[in-house]
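Novice: Chains A and R supply the protein sequences, listed in that same order. Just so you know, we're using our numbering here: the first sequence kicks off at 10 and counts up by one. Just so you know, we're using our numbering here: the second sequence kicks off at 10 and counts up by one.
In case anyone wonders, no lab produced these hints; they're calculated from the structure. Quick reminder that beta carbons are idealized off the backbone N, C-alpha and C, glycines included. A couple of the hints might just be wrong.
[Said to hold, decoys possible] Covered stretches of chain A (chain R as the covering partner; in silico rule of three or more C-beta atoms under 8 Å from a C-beta of chain R):
hint, stretch
1, 38-44
2, 47-58
3, 61-71
4, 225-235
5, 243-257
[Stated by the list, open to error] Computed spacing ranges between beta-carbons, pair by pair:
hint, chain 1, residue 1, chain 2, residue 2, range
6, A, D56, R, G53, 30 to 40 Å
7, A, A89, R, A380, 46 to 56 Å
8, R, G463, A, Q46, 26 to 36 Å
9, A, E137, R, D92, 50 to 60 Å
10, R, T357, A, A217, 28 to 38 Å
11, A, A113, R, A79, 20 to 30 Å
12, R, G463, A, G53, 18 to 28 Å
13, A, Q46, R, T211, 40 to 50 Å
14, R, A131, A, A79, 38 to 48 Å
[Stated by the list, open to error] Derived lysine to aspartate or glutamate pairs resembling DMTMM-like cross-links, with alpha carbons at most 25 Å apart:
hint, chain 1, residue 1, chain 2, residue 2
15, R, K208, R, D341
16, R, K241, A, D233
17, R, K406, R, E389
18, A, K241, R, D240
19, A, K225, A, E47
20, R, K208, R, E358
21, A, K406, A, E358
22, R, K241, R, E216
23, R, K241, A, D240
24, A, K225, A, D334
25, R, K241, A, D224
26, A, K241, R, E216
27, A, K241, A, D360
28, A, K502, A, D457
29, A, K208, A, D264
30, A, K406, A, E389
31, A, K241, R, D224
32, R, K225, R, D215
33, R, K241, A, E47
34, R, K241, R, E132
35, A, K241, R, E47
36, A, K500, A, D450
37, A, K241, R, D233
38, R, K208, R, D339
39, R, K241, A, E216
40, R, K500, R, D341
There are 2 protein chains.
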Amino acid sequence: MTVAGTSNTAGAFDALMAHERTTFALGQVAGRLGWDQETMMPRGAADQRSEEMAAMESVLHARRTDPRIADWLEAVDTAALDDTGRAQLRHIRRNFDRARKLPADLAQELARLTSRAQGQWAEARAAEDVASFLPVLARIVALKREEAAALAAGGDPYDALLDDYEPGAKAADLEAMFTALRGPLVALRAACLAQPAPKGLTGLFDEAAQMQLTDKLARAFGYDFSIGRLDKAVHPFSSGSGRDVRITTRTNPVDPFNCFYSTIHEVGHACYEQGIDAAYALTPLGQGVSMGVHESQSRIYENQIGRSRAFTGWLYGQMRAAFGDFGIADEDAFYAAVNRLHNGFIRTEADEVQYNLHVLLRFDLERALIAGDLAVADLEAAWNDRFLADFGFAVDKPSHGCLQDVHWSVGLFGYFPTYSLGNVYAGCLHQAMRAALPGLDAQLAQGDTSGATGWLRETVQRHGGLYTPREVIARASGMAPSEAPLLAYLKDKFSALYAL
Amino acid sequence: MTVAGTSNTAGAFDALMAHERTTFALGQVAGRLGWDQETMMPRGAADQRSEEMAAMESVLHARRTDPRIADWLEAVDTAALDDTGRAQLRHIRRNFDRARKLPADLAQELARLTSRAQGQWAEARAAEDVASFLPVLARIVALKREEAAALAAGGDPYDALLDDYEPGAKAADLEAMFTALRGPLVALRAACLAQPAPKGLTGLFDEAAQMQLTDKLARAFGYDFSIGRLDKAVHPFSSGSGRDVRITTRTNPVDPFNCFYSTIHEVGHACYEQGIDAAYALTPLGQGVSMGVHESQSRIYENQIGRSRAFTGWLYGQMRAAFGDFGIADEDAFYAAVNRLHNGFIRTEADEVQYNLHVLLRFDLERALIAGDLAVADLEAAWNDRFLADFGFAVDKPSHGCLQDVHWSVGLFGYFPTYSLGNVYAGCLHQAMRAALPGLDAQLAQGDTSGATGWLRETVQRHGGLYTPREVIARASGMAPSEAPLLAYLKDKFSALYAL
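Using the sequences plus the hints, can you model the full thing?
Specialist: This is the structure:
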């Protein structure tokens, strides 16, 4: 890389972009190490791998805090840039500011602590032993509070953490949105569960046949295998940007929906990355703009499209072809089975109605932890009280309660709300997409998602980081983001399903 | 990483080793990208991958030429170090000197040129079109001559290239050794081929069963799957050091020996890396000391052990169990089939007698190219003349001649001789191993290689880069490396097989 002189705008901007390009290429490499770790890495390589990851992180940190970035930023004449250039600059400036605000010692201590804590959390969860994990979690919360204070520079500490996943979002705005969701969702949940439960799946579903059908589903949703691949892993995830975006799934002989819908979900994430304008590859614009927008894509693929009456009709035929008669009489019964509510403890297994209640619980608790209003020692009781209030039955063990999610053990505070924000965004996009595509259900009934995914690619995905998260959703949906379309969609769908 | 002060020996040495450790960890990451490219990477990711690799190379180059290394090296008091520390320093000094001597522009131009040239070579080979590749090769040779001159700094240019793969080796010494090999090998080859040919394999061998047996062979030779894995790839290779050493193989329904013996060969390379003292991991001592010593391990696993009468007796039973009756009557006939000579053009398919003749041809031609004594335009004719002289029949097409190997297209000059040097080293080691392990054949006849591989681990592998290549072979075999044991072994083995 030739570093151009910084005395003129074009030179400074080119030098900045060349620097970023290399940094983003290295970021892709680090991300692929993570993919490898979950899919291919031999068990005994774990210690060496953590040294390799630390080496990559130290290189990336040095590049992200390179003092030349400040010089280049100062030398660039923003007015001389086009919209794309200004958007690049906005990301570069923000990333540089955040990277510089975080003390290197703190970042290293957090990295060390959380890399161990993930294993300690898994052990505590397996042993149903909250107490053994509390000292670790207390240390993580203390460090995250330090991090939040450093990043906030006088502003709201939780917002500073949230900003890492959802640039520009404020907890107060989310709280208002989520408060508007919570009451109606609690009521809708109770109304559905008061009705007779639809028949669910029973029996065993061959795992090889699940993998064949899940591969077909990924293709049906437009996932491009020429720049991706699908492997099995313990947890489903999507990894990578640009021209190498890989996904994973898992199979369970009694629960084929878990395989199919987690695949469709990850395909939504992956199609977002694959769909970004190729001209942005390996630059700040070349990746999904926020976790909330990312989740809007994964959730609209999974739910509004994948769990629609029209699409499940097609999927029913596919499952009959793959598995024979599995005890569900017809498409309507299958649609009810796919969207069936049941009393459950686990967020990741929740249906569309209950999912956000799980997220809102975590959002409130983690804000209290970061604000210092909730002591880690009181977390379990607070969790269990809130769960009882929203769900109407008591948590029976920690793995069904405050130990169920990995997030806090790896330091992810401010991440949970983006799940519900993504659902809210998906609600807005879905409303606009239905208006734009009157023939959508007829396509979905044939297993053809190209109309829907094409609309999402055109209105959301291709832009990458060009607009802010709220801007891209507002431009695509033609409205300021609001929870109203999501609520209306859920009430319509589940009132019909449960004859409310 | 905290950089210690350079004013005292311990601080400078520690800082140097911390720097190296991170560099070697990054080197492992870059190597694994190469593995991924050959085994897992989606086709359409190639362009992005080359940017990722270039980014890693630029990071590695900056670390390897970091001017602080010079300061640290100056501040270290060598006399205060133990043998291990001094050996580390020897490698660090050598690597730094080489990295600094190579102009960055030249390295970048070579990297760009050879990354394209590999594809151009493959196209030329497929089209049997030498002429289309000559301009590319001429440019590569010109740049490698520049590189050689820069590295040699007044010494022999070819030696400077050779030194990259075999530190301390001199072409003049190799030439003497190879000259002593060539005449007897040409004569032994002619004598064997004048005899009736043993029966070879015919029929089809199920590829899934080949993979099962090759997995068993890898385990039998001590390959540790807890820190490695075996995948299919177009070309067999071993990749990585320390606790993550991966191998690949390939299957061909008519040629199971290709799968089995290429696996055993790669297992030899991989066991060398896996067997190095864990205390050396991610340091200059933590990888095989030279390509010649590496090849000594892969070849002794493959040939002196894997193609021995005792071991092939066991393998015959395994193949009967896996494939049923495949038309070879008994262990003796199987041993003859495994070691059968035939007239062939291709180095990688050659038996133990003919293999080195292929290598010696390339060694002489590439030295002439680098010396400027042979023009690229005359390469094909020179190749074909020499082939006719040594093998007694004419090259029929370029893919059977000077276009058969990828090496020169990717700039590997000075690499070929390490194949034959490895065979020479394997001959020395085999002689000493036989003397040390009188019961070896009885073990091998049971498929038990632990005596042999344990001896190699103890005498060679565990030392990593602690000794120079010649030292480690001399210490292990109790003699100055010489071609005599290899020649004696080949004459004995093939005289018996062919009733000479």
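Novice: Holds or violated: R:K500 with R:D341, Cα cutoff 25 Å?
Specialist: Holds, at about 18 Å.
Novice: Sort out whether A:D457 lies within 25 Å of A:K502, counting only the CA atoms.
Specialist: OK: A:K502 and A:D457 at ~21 Å, within 25 Å.
Novice: Decide if the proposed pair is consistent with the structure: R:K241 and A:D224, CA atoms, cutoff 25 Å inclusive.
Specialist: Status holds; Cα separation ~21 Å.
Novice: Has the stretch 61-71 of chain A got at least three residues whose CB is nearer than 8 Å to a CB belonging to chain R?
Specialist: As far as the stretch 61-71 of chain A goes, the hint holds, because 6 residues have Cβ atoms under 8 Å from chain R.
Novice: Is it true that the CA of A:K241 sits at most 25 Å from the CA of R:E47?
Specialist: holds (20 Å)
Novice: Sort out whether R:D224 lies within 25 Å of A:K241, counting only the CA atoms.
Specialist: The hint holds at about 21 Å.
Novice: Mind checking the alpha carbons of R:K208 and R:D339 for me, to see if they're no more than 25 Å apart?
Specialist: holds (12 Å)
Novice: In this structure, is the beta-carbon distance linking A:A113 and R:A79 contained in 20 to 30 Å?
Specialist: holds (25 Å)
Novice: Taking the beta carbons of R:G463 and A:G53, is their distance inside 18 to 28 Å?
Specialist: At 20 Å between Cβs, range holds.
Novice: Would the pair R:K208 and R:E358 pass a check requiring their Cα atoms to be no farther apart than 25 Å?
Specialist: Between R:K208 and R:E358 the Cα gap is close to 17 Å, so the pair holds against 25 Å.
Novice: Using the Cβ atoms, figure out if A:Q46 sits within 40 to 50 Å of R:T211.
Specialist: holds (45 Å)
Novice: Decide if the proposed pair is consistent with the structure: R:K241 and R:E132, CA atoms, cutoff 25 Å inclusive.
Specialist: holds (23 Å)
Figure legend: structure checked against the earlier numbered hints; every hint is met.
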